[in-house]
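Protein chains in written order, with our numbering: chain D, 1 to 112; chain E, 1 to 112; chain C, 1 to 112; chain F, 1 to 411; chain U, 1 to 411; chain R, 1 to 411.
Just so you know, the hints here were simulated from the structure itself, not pulled from any lab data.
Computed from a predicted model, the values in this text were never measured in an experiment.
Treat the hints with care, since some could be wrong.
[Said to hold, decoys possible] Listed next, the in silico DMTMM-like pairs over lysine to aspartate or glutamate satisfying Cα-Cα at most 20 Å (straight line): (1) C/Lys34 <-> D/Asp15; (2) U/Lys74 <-> E/Glu32; (3) C/Lys85 <-> C/Asp14; (4) R/Lys222 <-> C/Asp14; (5) C/Lys40 <-> U/Glu232; (6) E/Lys98 <-> E/Asp84; (7) D/Lys85 <-> C/Asp106; (8) C/Lys85 <-> C/Glu75; (9) R/Lys293 <-> F/Asp159; (10) C/Lys34 <-> E/Asp67; (11) D/Lys40 <-> D/Asp84; (12) C/Lys40 <-> E/Asp67; (13) C/Lys2 <-> E/Asp68; (14) D/Lys34 <-> C/Glu71; (15) F/Lys73 <-> R/Glu232; (16) D/Lys98 <-> E/Asp67; (17) D/Lys2 <-> C/Asp68; (18) E/Lys98 <-> C/Asp67; (19) U/Lys73 <-> F/Glu232; (20) E/Lys40 <-> D/Asp15; (21) U/Lys73 <-> C/Glu32; (22) F/Lys222 <-> F/Asp347; (23) C/Lys98 <-> D/Glu95; (24) C/Lys34 <-> E/Asp14; (25) E/Lys98 <-> C/Asp68; (26) U/Lys74 <-> E/Asp84; (27) E/Lys2 <-> E/Asp84; (28) R/Lys73 <-> U/Glu232; (29) E/Lys98 <-> C/Glu95.
[Stated by the list, open to error] Covered stretches of chain F (chain U as the covering partner; in silico rule of three or more C-beta atoms under 8 Å from a C-beta of chain U): (30) 87-93; (31) 240-251; (32) 264-270; (33) 298-306.
All residues carry an ideal CB built from backbone N, CA and C; glycine is no exception.
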Amino acid sequence: MKLISAIIKPFKLDDVRQALTSLGVQGMTVTEVKGFGRQKGQTEIYRGAEYTVQFLPKVKIEVVVTDDMVEGVSEAILNAARTDKIGDGKIFILEVAKAIRIRTGDTDSSAL
Amino acid sequence: MKLISAIIKPFKLDDVRQALTSLGVQGMTVTEVKGFGRQKGQTEIYRGAEYTVQFLPKVKIEVVVTDDMVEGVSEAILNAARTDKIGDGKIFILEVAKAIRIRTGDTDSSAL
Amino acid sequence: MKLISAIIKPFKLDDVRQALTSLGVQGMTVTEVKGFGRQKGQTEIYRGAEYTVQFLPKVKIEVVVTDDMVEGVSEAILNAARTDKIGDGKIFILEVAKAIRIRTGDTDSSAL
Amino acid sequence: MNLLKRIPTGLAVTAIAVLAATGAALAQEAAAVAEETPALSAGDTAWMLTSTALVLLMTIPGLALFYGGMVRKKNVLATAMQSFAICCLATLVWTIVGYSLAFGDGGNLNAYIGGFDRMFLAGLGADTLSKTIPESVFIMFQLTFAIITPALITGAFADRMKFSAMVVFMVLWIVLVYAPIAHWVWGGGFLGDAGVLDFAGGTVVHINAGIAGLVACIVIGKRRGFGSENMEPHNLVLSLIGASLLWVGWFGFNAGSALAADGAAGMAMLVTQIATATAALTWMFVEWLVRKKPTVLGIISGAVGGLVAITPAAGFVGPMGALAIGVAAGIACFWGAVWLKPALGYDDSLDAFGVHGVGGMVGALLTGVFAIEAIGGTPGLIEGNPMQVWIQLKGILVTVVYCGVVSFILL
Amino acid sequence: MNLLKRIPTGLAVTAIAVLAATGAALAQEAAAVAEETPALSAGDTAWMLTSTALVLLMTIPGLALFYGGMVRKKNVLATAMQSFAICCLATLVWTIVGYSLAFGDGGNLNAYIGGFDRMFLAGLGADTLSKTIPESVFIMFQLTFAIITPALITGAFADRMKFSAMVVFMVLWIVLVYAPIAHWVWGGGFLGDAGVLDFAGGTVVHINAGIAGLVACIVIGKRRGFGSENMEPHNLVLSLIGASLLWVGWFGFNAGSALAADGAAGMAMLVTQIATATAALTWMFVEWLVRKKPTVLGIISGAVGGLVAITPAAGFVGPMGALAIGVAAGIACFWGAVWLKPALGYDDSLDAFGVHGVGGMVGALLTGVFAIEAIGGTPGLIEGNPMQVWIQLKGILVTVVYCGVVSFILL
Amino acid sequence: MNLLKRIPTGLAVTAIAVLAATGAALAQEAAAVAEETPALSAGDTAWMLTSTALVLLMTIPGLALFYGGMVRKKNVLATAMQSFAICCLATLVWTIVGYSLAFGDGGNLNAYIGGFDRMFLAGLGADTLSKTIPESVFIMFQLTFAIITPALITGAFADRMKFSAMVVFMVLWIVLVYAPIAHWVWGGGFLGDAGVLDFAGGTVVHINAGIAGLVACIVIGKRRGFGSENMEPHNLVLSLIGASLLWVGWFGFNAGSALAADGAAGMAMLVTQIATATAALTWMFVEWLVRKKPTVLGIISGAVGGLVAITPAAGFVGPMGALAIGVAAGIACFWGAVWLKPALGYDDSLDAFGVHGVGGMVGALLTGVFAIEAIGGTPGLIEGNPMQVWIQLKGILVTVVYCGVVSFILL
Ligand SMILES: Nc1ncnc2c1ncn2[C@@H]1O[C@H](COP(=O)(O)OP(=O)(O)O)[C@@H](O)[C@H]1O
Ligand SMILES: Nc1ncnc2c1ncn2[C@@H]1O[C@H](COP(=O)(O)OP(=O)(O)O)[C@@H](O)[C@H]1O
Ligand SMILES: Nc1ncnc2c1ncn2[C@@H]1O[C@H](COP(=O)(O)OP(=O)(O)O)[C@@H](O)[C@H]1O
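Assemble the whole structure, with the sequences as input and the hints as a guide.
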């Protein structure tokens with residue numbers, strides 16, 4: 001099992017969710033985050049003062065899948081989230097040692 | 001050392017915190033997240049329009065513990081967070097390579 | 001590649017960001033979290049009632065780096081975030097199996 | 001507003017101008033002579049100054065919050081900005097030419113439009129009176145109406161019109177739509193002469209804004225993501241503050257339209273309160289029946305619907321008429337926003353038409369039904385004068401057609 | 001309100017009814033004859049129209065925000081909804097039967113309750129006067145009091161009463177508790193006759209709401225999670241807006257209760273300001289001493305406590321009395337909310353009793369102490385009339401017992 | 001305010017005191033004799049009661065929100081608390097000694113300061129009049145000015161002054177700076193005698209607050225993290241609500257300064273509206289030109305700048321003067337906040353000086369330019385009276401120097 005953690009542009013969330021659902025992924029967890037990277041924030045001006053917004057709003061999608069789905073899911077995210085502009089984000093994949101469904105106590109692949 | 005990441009229903013947070021504290025866990029980190037899964041959101045109606053809320057509010061608890069405590073902590077979360085209704089959430093367990101306490105520089109088990 | 005996940009005091013965010021940038025780190029992702037630990041929250045009083053704030057505001061910085069930078073980055077965070085008071089936070093380091101840049105599809109070290 | 005009362009006002013305003021020799025003007029003259037020369041009343045002036053402040057409060061921050069709370073979070077500032085900017089724009093337009101077109105003397109064309117003689121408020125002095133209040137106060141009071149009407153329209157195309165386009169549209173709309181219609185009903189024009197009752201602007205303000213909104217949202221098209229994305233109101237607390245300020249400010253709108261602090265103002269305030277509360281509860285209970293639960297958005301929408309519907313009627317009906325109008329408005333606006341809109345499939349984001357258009361028409365018609373001679377001088381259907389309903393209908397039709405056509409051309 | 005002034009008002013209201021042959025009625029008659037026939041005053045009417053708008057502003061959005069900001073985030077809409085819905089409900093109840101019961105003529109029972117003769121506002125015309133203002137304005141002004149009183153109660157059971165249960169309770173409460181007590185004090189009933197001073201509703205509004213709240217929160221029980229879960233106010237900015245609007249609106253409440261734009265109104269406004277500021281600072285400094293720091297919630301709670309306490313006194317005391325009442329109210333309400341509540345262990349979520357009940361009693365008593373004959377016509381203890389304190393105490397006791405018992409039965 | 005009108009007011013206030021034998025006093029006496037004995041006007045009183053409520057609304061919640069929305073999220077409560085606490089403090093200070101110093105009789109020193117004879121409002125009765133309104137209302141109205149002036153200053157040092165230090169500073173500042181300057185201009189002091197025109201407080205309120213703010217932010221130093229950390233406004237919706245309430249409340253400020261419900265009040269309201277809308281649009285369009293886009297913060301800042309600039313002029317200029325003042329204020333305040341501040345490098349967090357100081361000076365000067373004899377009794381430059389500009393300049397200089405020096409010493 002792997003945890004796929006994708007940092008994407010917020011307005012792409014719905015597209016990614018649909019792409020994953022159509023692959024049969026049944027659940028995911030979403031967090032609002034702020035990202036710092038090559039993409040630079042706009043310069044906001046308030047009266048006299050200029051502020052460069054250092055951190056841009058991003059969305060982190062975390063989805064745990066069985067090993068055989070990792071490839072397909074990564075691909076799907078890649079396609080759905082891509083705008084070809086700087087700041088599209090990253091996908092990180094981490095090994096998950098164990099997964100449990102709280103409601104039933106089921107573990108691992110049947111927990112997802 | 002393992003990172004135990006539990007996604008639970010928000011109103012269960014206090015129960016889980018107490019359960020962990022009574023096991024001797026001294027720290028944890030909590031994030032407000034939105035979950036998508038089998039549990040479906042309510043249909044909200046605003047004047048004419050109906051909206052199905054796709055993402056439900058959840059809470060993610062992250063707690064890093066030594067390997068010997070993983071079993072007990074998972075068990076405790078399972079019991080405290082369970083309501084037996086769809087949407088109770090998941091527990092994911094990941095391997096942690098290293099932990100450091102910033103204040104002291106202590107590492108690994110003495111960092112927790 | 002490793003994921004360095006640091007939980008720090010919110011007002012230290014800017015210092016840490018600068019420290020990392022000067023090491024050549026090009027991106028990071030920041031989440032507002034609430035921390036529970038040895039540091040106790042203030043007691044707030046609203047009219048008659050006292051509330052101990054259990055969870056304190058913290059900031060989680062996640063940065064994925066190649067293995068050779070782990071040491072330096074940890075060190076930099078340690079120095080920048082340290083105030084020597086309880087509640088300074090933790091650094092957790094996890095193994096990352098794969099990283100992808102969404103815009104280009106580049107993987108691993110060239111994705112960062 | 002009460003026509004018989006309004007005519008001398010119009011006269012005072014145009015006193016320095018040559019009286020046009022039309023029948024309408026002659027009738028006005030006669031009325032003016034019958035009236036004693038007015039002197040300033042500090043009491044009336046005090047109330048009209050207050051009313052002006054109250055009506056401004058309706059737009060900023062009232063409407064800005066009512067609408068701002070209903071859009072998505074990312075659009076709240078843009079939406080509130082529209083109301084604020086319109087407040088500023090309408091002030092300039094009104095000062096420069098709007099007041100003159102609406103309340104100036106149009107000479108031979110006076111039945112259709114005022115003239116340019118009062119441009120830049122020419123002829124206004126510190127002691128110029130309009131009936132028992134300074135003309136400056138009358139200008140200000142009317143200005144607040146010219147502010148809120150275009151601001152109401154923005155509810156129809158919230159979330160999608162470009163700011164610069166909106167600025168241009170609104171300036172033209174005030175000059176080409178609002179000013180003429182205000183002239184027809186209140187400024188000595190043909191609708192007023194025809195006996196159309198519109199105490200505080202059911203036709204001029206609400207039907208007008210509602211129709212313009214409907215046209216705008218059809219022409220501009222739907223919001224991107226309409227129907228698929230979640231467009232739920234982001235902060236109904238803001239909307240509730242807005243609705244409350246609209247309610248309180250509406251006392252200035254309706255009771256202020258008596259242009260005096262007297263029994264007519266008092267009765268207008270009382271029936272406003274009764275109709276509003278009734279419509280709010282009606283919407284809430286209908287929603288409670290149809291969908292399982294009462295909502296904040298429902299009760300405040302109903303309240304606004306009731307406020308709209310009682311507006312033309314405020315000086316003409318009594319408490320029982322207000323109850324009836326409240327029930328009708330609650331049901332009709334619920335139907336307009338919840339059934340009609342999805343049925344026809346246009347995207348009137350915040351129901352400018354569903355609430356203001358529908359509510360305004362219901363109110364204008366029912367004014368003809370429930371008018372009581374002892375209160376406003378004109379009997380309605382229930383007092384055996386069915387013609388009044390017909391007259392009201394004509395007023396509605398003329399407004400709908402003119403506003404619809406010109407708004408369409410402007411867009 | 002000033003009894004001597006109020007009696008003719010009551011009379012005017014009931015002028016078309018047969019005068020009951022009780023001693024009280026005779027006394028009223030005498031007073032009415034002594035007064036010259038009233039004519040409409042545009043100035044007084046202007047101020048009363050304004051006051052009505054101000055008092056409505058207190059409830060929507062004032063109280064809705066004051067309470068809404070103090071509950072947990074998830075309950076803010078439900079809490080604000082209560083104030084808004086009560087505003088609508090009370091309007092209907094008042095129109096249908098409430099006004100008649102409070103200010104109608106009760107015949108032989110007039111000492112205890114008004115009659116049914118004014119149901120549906122029967123007998124109200126556009127020119128009916130109530131002293132120097134249209135009766136429609138008097139009805140509206142009193143209605144805004146009938147709105148805020150039940151809305152205040154909701155602070156005691158915020159977060160836990162079902163909406164449908166609240167609707168039923170409030171309708172009955174207005175009819176069975178508010179209307180009678182208003183009649184006793186202001187409508188020609190026995191408390192007014194006994195000489196109880198209550199200028200703007202310390203007894204009728206605040207003690208009444210406070211006691212009903214206390215009974216309600218005891219009967220309904222504590223919030224789930226009370227004492228263990230974090231129930232801190234979620235947005236004190238909202239509460240601060242609410243408190244500010246309460247303060248500003250209270251000028252309508254107190255200075256409006258003079259029912260005229262005169263020196264009594266001016267003095268009522270001035271002492272309101274002084275007492276409120278003093279109570280706010282008193283609470284703040286007490287908190288600063290006892291706990292280490294001054295808080296926003298503290299200063300606004302103190303302000304509301306001061307507003308409550310000066311309410312019965314506003315037309316009777318001078319600036320120095322206001323200072324004294326402010327200090328007393330600041331200390332007493334702090335004690336009520338911070339010490340008394342935890343000591344007795346009830347869960348008065350937003351301190352409806354701790355602030356309105358306690359503040360109302362302190363104010364009612366101190367009115368008897370600091371009343372000045374040259375201001376309100378009645379001397380108090382400091383001018384050598386200790387009896388007045390005793391009379392005030394009787395007024396409090398009667399209200400506490402009646403309101404407590406009936407509210408208990410209703411729940 | 002209009003000097004000729006103000007003088008008898010000052011006299012009425014000091015009627016029970018011995019008249020000082022200075023030339024100024026003699027002139028006043030003559031004026032007073034020429035005036036008929038004033039009687040209470042219910043209409044004027046109604047408007048002044050309303051105006052008082054409106055001006056209080058400007059500070060709480062208006063200014064509290066305007067400023068609260070512009071600071072960082074963590075400071076919103078602290079910032080709003082400052083306005084609320086100052087409202088309470090100023091009330092006490094004014095009651096105890098401020099009113100006496102500003103409007104009491106200063107005997108031989110009357111040109112410079114009032115006396116102590118009216119401390120604790122001694123001599124105030126329920127029927128004491130100040131011209132045609134109760135003196136209690138005059139005291140209250142002036143109090144609301146004494147509240148908002150120090151509250152404006154807090155914008156300069158938002159985010160960094162300790163609350164306890166602020167309390168002490170503000171109390172002293174009201175006594176030592178505000179009260180004397182109010183006396184100079186409105187209380188019979190030397191600036192009023194010299195013919196300085198300040199209808200509603202451009203000098204007394206805005207220049208005064210602006211300069212004090214400038215001194216404060218220079219003395220206290222910059223915010224920690226100034227220039228590096230992100231200090232963007234956290235919630236401009238709050239600021240927009242605040243600006244709207246400031247606008248509406250300002251009608252009480254300016255039109256209320258006529259102290260009557262008459263043509264002067266009406267004209268003051270109208271020019272206020274015109275200048276404000278013009279300044280708001282000017283700032284917005286300048287911003288649209290210079291930076292690529294119009295912003296909410298820009299349009300509301302411009303509106304406040306316009307309100308400030310029209311304040312001294314409101315009773316003296318006509319609609320065309322208001323247009324000109326609006327354009328000038330929009331440009332000048334934009335320049336003050338966007339160019340001057342960074343150029344000089346002080347950290348006036350919320351532009352107390354950039355908007356109120358700069359706007360106040362522009363307004364005070366242009367009052368001398370655009371004053372029209374037929375409106376306010378004094379001709380300005382455009383009517384061939386260049387001296388008036390010089391007199392206005394003297395007024396500004398005296399205020400800047402005195403306020404700057406004393407504020408500096410107090411800090
Ligand atoms: N090394 C990293 N570790 C964690 N998150 C990162 C890292 N680099 C980038 N990110 C996240 O990815 C987002 C996009 O990165 P950015 O460099 O702006 O564009 P791109 O991915 O197109 O090169 C950032 O805003 C940040 O949230
Ligand atoms: N594959 C997954 N990866 C990450 N988070 C998941 C995954 N599946 C479910 N979740 C999280 O768990 C929550 C509960 O899942 P759900 O399917 O609704 O109920 P249950 O766990 O009872 O089957 C979701 O809201 C989501 O936050
Ligand atoms: N075992 C843990 N797992 C995850 N997060 C932790 C753990 N222990 C502490 N934390 C996080 O670190 C923060 C600081 O910890 P705390 O014990 O208060 O101080 P210190 O790190 O100085 O000992 C906590 O607020 C919490 O967010």
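Hints versus structure:
A C-alpha spacing of about 30 Å is found between C/Lys34 and D/Asp15, which places the hinted pair above 20 Å, so the restraint is violated. For the suggested pair U/Lys74 and E/Glu32, the alpha carbons sit about 15 Å apart, so the restraint of at most 20 Å is met. About 18 Å separates the Cα atoms of C/Lys85 and C/Asp14, which keeps this hinted pair within 20 Å; it holds. Restraint check: the Cα-Cα separation between R/Lys222 and C/Asp14 comes to about 19 Å, which is no more than 20 Å; the hinted pair holds.
Between the alpha carbons of C/Lys40 and U/Glu232 the distance comes to roughly 17 Å, so the proposed pair stays at or under 20 Å and holds. As the CA atoms of E/Lys98 and E/Asp84 are separated by approximately 35 Å, the hinted pair breaks the 20 Å bound. Simply put, D/Lys85 and C/Asp106 have alpha-carbon atoms about 14 Å apart, close enough for the 20 Å limit, and the pair holds. Only pairs whose Cα atoms come within 20 Å are accepted, and C/Lys85 paired with C/Glu75 is accepted, the gap being roughly 18 Å.
Of the supplied pair hints, the one linking R/Lys293 and F/Asp159 holds, its CA atoms being roughly 17 Å apart against a limit of 20 Å. Of the pairs offered as hints, the one joining C/Lys34 and E/Asp67 is violated, with about 24 Å between alpha carbons and a cut-off of 20 Å exceeded. Straight-line distance between C-alpha atoms of D/Lys40 and D/Asp84 comes to about 15 Å, which keeps the hinted pair within the 20 Å bound. Restraint check for C/Lys40 and E/Asp67: not satisfied, since their Cα atoms lie roughly 26 Å apart, outside the 20 Å limit.
Restraint check: the Cα-Cα separation between C/Lys2 and E/Asp68 comes to about 24 Å, which exceeds 20 Å; the hinted pair is violated. Taking the CA atoms of D/Lys34 and C/Glu71, the gap is near 24 Å; set against the 20 Å cutoff, the hint is violated. Note on F/Lys73 and R/Glu232: the hinted pairing holds, with a Cα-Cα distance of about 18 Å set against a maximum of 20 Å. Straight-line distance between C-alpha atoms of D/Lys98 and E/Asp67 comes to about 13 Å, which keeps the hinted pair within the 20 Å bound.
Between D/Lys2 and C/Asp68 the CA atoms are separated by roughly 24 Å; this puts the pair beyond 20 Å, and the hint is violated. Distance hint between E/Lys98 and C/Asp67 is fulfilled; the C-alpha atoms sit about 13 Å from each other, no more than 20 Å. As the CA atoms of U/Lys73 and F/Glu232 are separated by approximately 18 Å, the hinted pair is consistent with the 20 Å bound. With a C-alpha separation of about 18 Å, the suggested pair E/Lys40 and D/Asp15 falls inside the 20 Å cut-off, and the hint holds.
A distance of roughly 19 Å separates the Cα atoms of U/Lys73 and C/Glu32; the hinted pair therefore holds under the 20 Å criterion. Distance restraint check for F/Lys222 and F/Asp347: the Cα-Cα separation of roughly 5 Å lies within the 20 Å cut-off, and the hinted pair is therefore satisfied. The straight-line distance between the Cα atoms of C/Lys98 and D/Glu95 is roughly 10 Å, inside the 20 Å bound, and the hint therefore holds. For the hint pairing C/Lys34 with E/Asp14, the CA-to-CA distance comes to about 13 Å; that is within 20 Å, so the pair holds.
In summary, the hint linking E/Lys98 to C/Asp68 is supported, as the alpha carbons are separated by about 15 Å, within the 20 Å threshold. Between U/Lys74 and E/Asp84 the alpha-carbon distance is near 24 Å, which puts this suggested pair outside the 20 Å criterion. The hinted pair formed by E/Lys2 and E/Asp84 fails the criterion: a straight-line CA distance of about 26 Å is larger than 20 Å. Of the supplied pair hints, the one linking R/Lys73 and U/Glu232 holds, its CA atoms being roughly 18 Å apart against a limit of 20 Å.
For the hint pairing E/Lys98 with C/Glu95, the CA-to-CA distance comes to about 10 Å; that is within 20 Å, so the pair holds. With 0 residues having a Cβ less than 8 Å from any Cβ of chain U, the segment 87-93 of chain F misses the three-residue criterion, and the hint is violated. With a cut-off of 8 Å between beta carbons, the segment 240-251 of chain F has 8 residues touching chain U; three or more are needed, and the interface restraint holds. Proximity of the segment 264-270 of chain F to chain U, defined as three or more residues with a beta carbon under 8 Å from a beta carbon of that chain, is established by the 6 residues found.
For the segment 298-306 of chain F, the assignment as covered by chain U holds, since 3 residues bring a beta-carbon within under 8 Å of that chain's beta-carbons and 3 suffice.
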